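Here is what each chain is made of, one letter per residue.
Number of protein chains: 2
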Amino acid sequence: MKSLKPTLHTSLSPALLHLYSVSNSIVVIIDVLRATSTIATVLFNGAKCIIPVDSVAECIRLGKQIEGITAGERDGQVAEGLSYGNSPFEYPAEFIKGKTLVLTTTNGTKLLHMALDKGAKKIITGSFPNLSAVCTYLVEQKKNVILGCAAWKDRVNIEDTLFAGAVISRIKDHFDINCDASQMAATMYTDAKEDLYEFLKNKNASHYHRLTNFGLEKDIRYCLSEDAANVLCMYEGGKLVRSVP
Amino acid sequence: MKSLKPTLHTSLSPALLHLYSVSNSIVVIIDVLRATSTIATVLFNGAKCIIPVDSVAECIRLGKQIEGITAGERDGQVAEGLSYGNSPFEYPAEFIKGKTLVLTTTNGTKLLHMALDKGAKKIITGSFPNLSAVCTYLVEQKKNVILGCAAWKDRVNIEDTLFAGAVISRIKDHFDINCDASQMAATMYTDAKEDLYEFLKNKNASHYHRLTNFGLEKDIRYCLSEDAANVLCMYEGGKLVRSVP
Numbered sequence: 003m004k005s006l007k008p009t010l011h012t013s014l015s016p017a018l019l020h021l022y023s024v025s026n027s028i029v030v031i032i033d034v035l036r037a038t039s040t041i042a043t044v045l046f047n048g049a050k051c052i053i054p055v056d057s058v059a060e061c062i063r064l065g066k067q068i069e070g071i072t073a074g075e076r077d078g079q080v081a082e083g084l085s086y087g088n089s090p091f092e093y094p095a096e097f098i099k100g101k102t103l104v105l106t107t108t109n110g111t112k113l114l115h116m117a118l119d120k121g122a123k124k125i126i127t128g129s130f131p132n133l134s135a136v137c138t139y140l141v142e143q144k145k146n147v148i149l150g151c152a153a154w155k156d157r158v159n160i161e162d163t164l165f166a167g168a169v170i171s172r173i174k175d176h177f178d179i180n181c182d183a184s185q186m187a188a189t190m191y192t193d194a195k196e197d198l199y200e201f202l203k204n205k206n207a208s209h210y211h212r213l214t215n216f217g218l219e220k221d222i223r224y225c226l227s228e229d230a231a232n233v234l235c236m237y238e239g240g241k242l243v244r245s246v247p
Numbered sequence: 003m004k005s006l007k008p009t010l011h012t013s014l015s016p017a018l019l020h021l022y023s024v025s026n027s028i029v030v031i032i033d034v035l036r037a038t039s040t041i042a043t044v045l046f047n048g049a050k051c052i053i054p055v056d057s058v059a060e061c062i063r064l065g066k067q068i069e070g071i072t073a074g075e076r077d078g079q080v081a082e083g084l085s086y087g088n089s090p091f092e093y094p095a096e097f098i099k100g101k102t103l104v105l106t107t108t109n110g111t112k113l114l115h116m117a118l119d120k121g122a123k124k125i126i127t128g129s130f131p132n133l134s135a136v137c138t139y140l141v142e143q144k145k146n147v148i149l150g151c152a153a154w155k156d157r158v159n160i161e162d163t164l165f166a167g168a169v170i171s172r173i174k175d176h177f178d179i180n181c182d183a184s185q186m187a188a189t190m191y192t193d194a195k196e197d198l199y200e201f202l203k204n205k206n207a208s209h210y211h212r213l214t215n216f217g218l219e220k221d222i223r224y225c226l227s228e229d230a231a232n233v234l235c236m237y238e239g240g241k242l243v244r245s246v247p
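Residue numbers (the numbering used here), protein chains in the order written: chain A, 3 to 247; chain B, 3 to 247.
Check before you lean on any hint, since a few could be wrong.
Just so you know, same-sequence chains aren't split out, so a pair can sit in one copy or run between any two.
Once the Cα atoms are required to be at most 20 Å apart in a straight line, the calculated EDC-like pairs of lysine to aspartate or glutamate come out as [claimed, not checked]:
hint: 1; residue 1: Lys203; residue 2: Asp178
hint: 2; residue 1: Lys203; residue 2: Asp175
hint: 3; residue 1: Lys101; residue 2: Glu60
hint: 4; residue 1: Lys124; residue 2: Glu142
hint: 5; residue 1: Lys174; residue 2: Glu228
Please keep in mind that the hints were generated in silico from the structure rather than gathered at the bench. None of the values given here were measured: they were computed from a predicted structure.
Start from the sequences and build out the full structure, keeping to the hints where you can.
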């Protein structure tokens with residue numbers, strides 16, 4: 003008998019996204035360190051919206067045009083010509099409330115535009131700070147889901163895979179999961195969940211390394227905190243907005 | 003100080019192979035269920051050589067031309083027009099000794115030809131039946147290594163990743179490993195190594211499913227047996243041959 007549950011797949015890298023039925027699915031963009039964690043934080047702290055763009059030039063152009071705050075990084079550091087970076091701590095409520103952020107990042111915004119190009123039914127962003135909001139939404143929608151890891155320049159990474167695993171471990175009973183990548187993600191999350199930070203450190207995760215070299219341990223710890231900024235971040239009309247489910 | 007050890011990377015899917023420096027590395031082709039397990043068995047049982055080809059038509063053409071044994075599968079079953087399939091049990095010594103096999107498979111031979119096209123320095127095949135031979139060779143060579151998982155139609159799979167993890171867990175001290183995919187593979191192997199068969203079953207691995215539906219549990223158990231056909235299988239001059247280290 004064919005299962006009546008919707009399907010769930012995990013794409014471990016943008017270079018694998020084409021293998022899945024994007025146009026028939028809700029796509030969750032996952033860029034744990036740090037784009038999607040920062041997106042959740044910015045919207046949690048009351049920003050009007052975030053406009054994700056895929057180049058620094060476009061970020062600068064649009065920032066001027068709409069008088070938004072330009073933000074983003076390349077290779078883990080503030081990109082030249084932009085005002086702010088990709089750290090959630092740059093965006094407290096007293097600064098960001100009511101404002102519009104124009105954001106570009108190495109991997110996360112690129113994947114979002116790929117999903118758009120492939121006709122995703124609906125796009126949300128996911129991170130540990132808004133884990134519960136993501137899970138609640140996916141269960142309620144009863145639609146096929148693709149957990150899309152932004153990875154690092156197409157190379158699979160541990161932290162995005164762990165977030166996929168965290169989602170799967172919570173919502174798996176509501177989905178038909180015939181996907182080895184999803185099983186691998188959930189298995190690794192089970193190993194790691196006691197202390198995600200120590201897991202990344204012990205496994206010598208490459209982006210953990212990159213960020214600690216920039217002195218960003220505090221960012222990493224925050225980006226691994228479940229429900230620290232628990233809002234649903236939805237892509238609608240070219241913008242990421244805080245969605246009221 | 004820069005490490006003096008060679009590097010090791012794991013490519014979890016043929017669609018990710020281009021991310022790594024193939025032309026500068028030994029590439030290990032991994033297609034655990036069942037191509038590379040069968041290759042090790044065929045060479046262990048005394049075949050003269052195996053000629054991997056990437057299409058059924060080419061397999062038939064070449065088989066006639068050189069009076070070789072045509073073998074291969076598409077989607078896990080014997081391909082139409084070929085004499086034999088992809089099961090290691092089809093090739094006992096009394097049948098295969100001294101003969102030439104012309105082989106085509108869904109994923110493994112495709113990846114081998116990709117690695118060739120990208121100018122791999124040296125190509126060997128890896129499977130649990132020849133795990134020790136692979137590890138000994140890689141440590142001796144002191145060259146950069148890419149563990150190339152054949153996956154399933156570019157989708158990451160559990161069994162090939164587990165084999166990469168098994169190799170890494172044995173030889174990691176000899177390499178500089180800055181690769182999250184390798185860490186993920188080694189972590190999963192640690193979880194699974196007590197009973198690889200049960201792990202595949204419990205994780206509902208998609209190819210485990212596909213093969214058990216064909217009644218091939220015995221094949222799976224054999225393909226997960228470490229050192230059951232412990233020979234080094236090397237690609238040389240268009241053929242896979244048993245190499246004497």
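Here's how the hints hold up against the structure:
Taking the closest pair of Cα atoms, Lys203 and Asp178 come within 20 Å of each other only across two copies (16 Å); inside a single copy the shortest separation is 33 Å, beyond that limit. Taking the shortest Cα distances, Lys203 and Asp175 sit within 20 Å of each other only across copies (18 Å), while inside one copy they are farther apart (31 Å). Taking the closest pair of Cα atoms, Lys101 and Glu60 come within 20 Å of each other only inside a single copy of the chain (18 Å); across copies the shortest separation is 62 Å, beyond that limit. Taking identical chains as interchangeable, the C-alpha atoms of Lys124 and Glu142 lie at most 20 Å apart only when both belong to the same chain, with a minimum of 14 Å there against 51 Å between chains.
Taking the shortest Cα distances, Lys174 and Glu228 sit within 20 Å of each other inside one copy (18 Å), while across copies they are farther apart (33 Å).
Going through the hint list in order, the structure satisfies each hint without exception.
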